[in-house]
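Number of protein chains: 2
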Amino acid sequence: MKIAKTIAEMKELRRQMPQKVGFVPTMGYLHEGHITLVRLAKSENGAAVVSIFVNPTQFGPKEDFEKYPRNTERDIAMLSAVGTDVVFMPEPKEMYPPKFNSWVTVEGITERLEGASRPGHFRGVTTVVNKLFNIVEPTKAYFGQKDAQQALVIQKMVADLNMNLQVVVVPTVREPDGLAMSSRNIYLSTEERRGAPVLWKSLELAQKLWNNGQRNGEQIRREMIDLIEDEPLARIDYVSVADTESLHELKEMKRPPLVSLAVWFGKTRLIDNKVLEDPA
Amino acid sequence: MKIAKTIAEMKELRRQMPQKVGFVPTMGYLHEGHITLVRLAKSENGAAVVSIFVNPTQFGPKEDFEKYPRNTERDIAMLSAVGTDVVFMPEPKEMYPPKFNSWVTVEGITERLEGASRPGHFRGVTTVVNKLFNIVEPTKAYFGQKDAQQALVIQKMVADLNMNLQVVVVPTVREPDGLAMSSRNIYLSTEERRGAPVLWKSLELAQKLWNNGQRNGEQIRREMIDLIEDEPLARIDYVSVADTESLHELKEMKRPPLVSLAVWFGKTRLIDNKVLEDPA
Numbered sequence: 111m112k113i114a115k116t117i118a119e120m121k122e123l124r125r126q127m128p129q130k131v132g133f134v135p136t137m138g139y140l141h142e143g144h145i146t147l148v149r150l151a152k153s154e155n156g157a158a159v160v161s162i163f164v165n166p167t168q169f170g171p172k173e174d175f176e177k178y179p180r181n182t183e184r185d186i187a188m189l190s191a192v193g194t195d196v197v198f199m200p201e202p203k204e205m206y207p208p209k210f211n212s213w214v215t216v217e218g219i220t221e222r223l224e225g226a227s228r229p230g231h232f233r234g235v236t237t238v239v240n241k242l243f244n245i246v247e248p249t250k251a252y253f254g255q256k257d258a259q260q261a262l263v264i265q266k267m268v269a270d271l272n273m274n275l276q277v278v279v280v281p282t283v284r285e286p287d288g289l290a291m292s293s294r295n296i297y298l299s300t301e302e303r304r305g306a307p308v309l310w311k312s313l314e315l316a317q318k319l320w321n322n323g324q325r326n327g328e329q330i331r332r333e334m335i336d337l338i339e340d341e342p343l344a345r346i347d348y349v350s351v352a353d354t355e356s357l358h359e360l361k362e363m364k365r366p367p368l369v370s371l372a373v374w375f376g377k378t379r380l381i382d383n384k385v386l387e388d389p390a
Numbered sequence: 111m112k113i114a115k116t117i118a119e120m121k122e123l124r125r126q127m128p129q130k131v132g133f134v135p136t137m138g139y140l141h142e143g144h145i146t147l148v149r150l151a152k153s154e155n156g157a158a159v160v161s162i163f164v165n166p167t168q169f170g171p172k173e174d175f176e177k178y179p180r181n182t183e184r185d186i187a188m189l190s191a192v193g194t195d196v197v198f199m200p201e202p203k204e205m206y207p208p209k210f211n212s213w214v215t216v217e218g219i220t221e222r223l224e225g226a227s228r229p230g231h232f233r234g235v236t237t238v239v240n241k242l243f244n245i246v247e248p249t250k251a252y253f254g255q256k257d258a259q260q261a262l263v264i265q266k267m268v269a270d271l272n273m274n275l276q277v278v279v280v281p282t283v284r285e286p287d288g289l290a291m292s293s294r295n296i297y298l299s300t301e302e303r304r305g306a307p308v309l310w311k312s313l314e315l316a317q318k319l320w321n322n323g324q325r326n327g328e329q330i331r332r333e334m335i336d337l338i339e340d341e342p343l344a345r346i347d348y349v350s351v352a353d354t355e356s357l358h359e360l361k362e363m364k365r366p367p368l369v370s371l372a373v374w375f376g377k378t379r380l381i382d383n384k385v386l387e388d389p390a
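Taken in sequence, the protein lines are chains Z and P. The first sequence lines up with residues 111 to 390 when you count with my numbering. The second sequence lines up with residues 111 to 390 when you count with my numbering.
Be a bit skeptical, because a hint or two may be false.
Same chains, same label: a pair holds when it works inside one copy or across any pair of copies.
Stated by the list, open to error - BS3-like, lysine-lysine: derived pairs with alpha carbons at most 30 Å apart:
1) 130 / 115
2) 203 / 112
3) 250 / 130
4) 311 / 115
5) 364 / 250
Rather than coming from a laboratory, the hints here were simulated on the basis of the structure. Owing to the predicted nature of the structure, the values given are computational and were not obtained by experimental measurement.
Excised from the complex, chain Z in its bound form:
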């Protein structure tokens, strides 16, 4: 496994790789969710590149950029173990040199949900991912469904800007009690961790309501909120029942919606989502 720390090194390593490359952009502090993406990248393309970069431009001024968990040694060991070919680990000043001044934005769908709660977040995401795609030139890039809106935004950017790769969205990997895997789960106290599966429970409730014929988005939201509010440590940021493409909130529904939510546990903000499914 090779490690590139500069853009020039990464581009040079890419030139030496076979034509097909699968790419997994990460912020490190890897968990089984990331590793699932890397395994898929490797098996579908023959070669896998993983980036580890805690991207400062996607964090708000009051967010957790400084304290975002980092453990590069462990990350490298995990990536090596699953046959990663190249790890790209640039410093912030390599990606954002002085006088850096170019931005990629996706309008519309970025204004809702995470974009509404975290102004500027998606501009940071699309800009860094655009750069990473140009640096790594992957055949396919892999994103987790856990960040459902991010996956939609990246797909929109790739389509609108005619970028030459395929975006693959992979189902969320969960703990046995349903909690979506996330690097931020490490922030949770024992009590918070015990309450955190309420996100997944509320999504399962939404699916159950859908199965029972509930087609009113507001009703689904209300019952989810009631469930979450029974968990004393949970503080809701948003609960959304939205169109899977436009992310507009839905009242009466014909097709299964994207149900998503963000919930604070103390100083930790957790997100999760589910595209509801029609019963088989």
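Dock chain P against chain Z, hints included.
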């Protein structure tokens, strides 16, 4: 010479081309300036792709998008004559389908000069050029020095977003009386055409003042303005003596500046510029 009208066709033709491709993005209505770029693209890379696309997103609502001159038949004949390999001629709805919502912006240098006179202009330019670079995947792309700020903005975008090509800026081609070649020159009446070389004359004056030791940007501007105002049909939009990188206006200068200007003749807006040179 092959012609691609859709993005898919262009990408397919690109796959069949040799590795090195020179690319010249144009808005058509070609003149000797464009042809100079195409000849260079062909000779430096072995293959040349030219796009003809009057890009709606770089025109303001009161600008000349609708009446911008078009003559596709003549353009194709000219491009064929100089050995162009592929002409890419998409319709606006091919480049901007419904729900198109992604934008590339360069901040800072786009706020001055043309950007100040034409709000939103450079967002349209960077977005379409970003798309075209992804569609054509050129080794080198060629731009005229006549649009000096545009060339700087494109170079900044390519550097900041780590795009995989080289931007080549080619000296302005001029009529015998010094008027910079431009598709918009066709708009000029006989009288306006007679007065239009005053742009170039004012740039030559700036060079003469520099040669004589003038290092005060405001003085150079003042003398240029006096010269242009002697031309009764000319109406100045701006005259600028600026740093060649930041485009900040300069008072006392140590290095040769970029001198640039925009001047109206009736309803036609002409631009020109010169990076002053130290005497040999």
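These are the hints, each one checked on the structure:
no., hint, verdict
1, 130 / 115, "both (22 Å within a copy, 28 Å between copies)"
2, 203 / 112, "within (21 Å within a copy, 43 Å between copies)"
3, 250 / 130, "both (8 Å within a copy, 23 Å between copies)"
4, 311 / 115, "neither (41 Å within a copy, 51 Å between copies)"
5, 364 / 250, "neither (32 Å within a copy, 50 Å between copies)"
Checked against the numbered hints listed earlier, the structure breaks hints 4 and 5; every other hint is satisfied.
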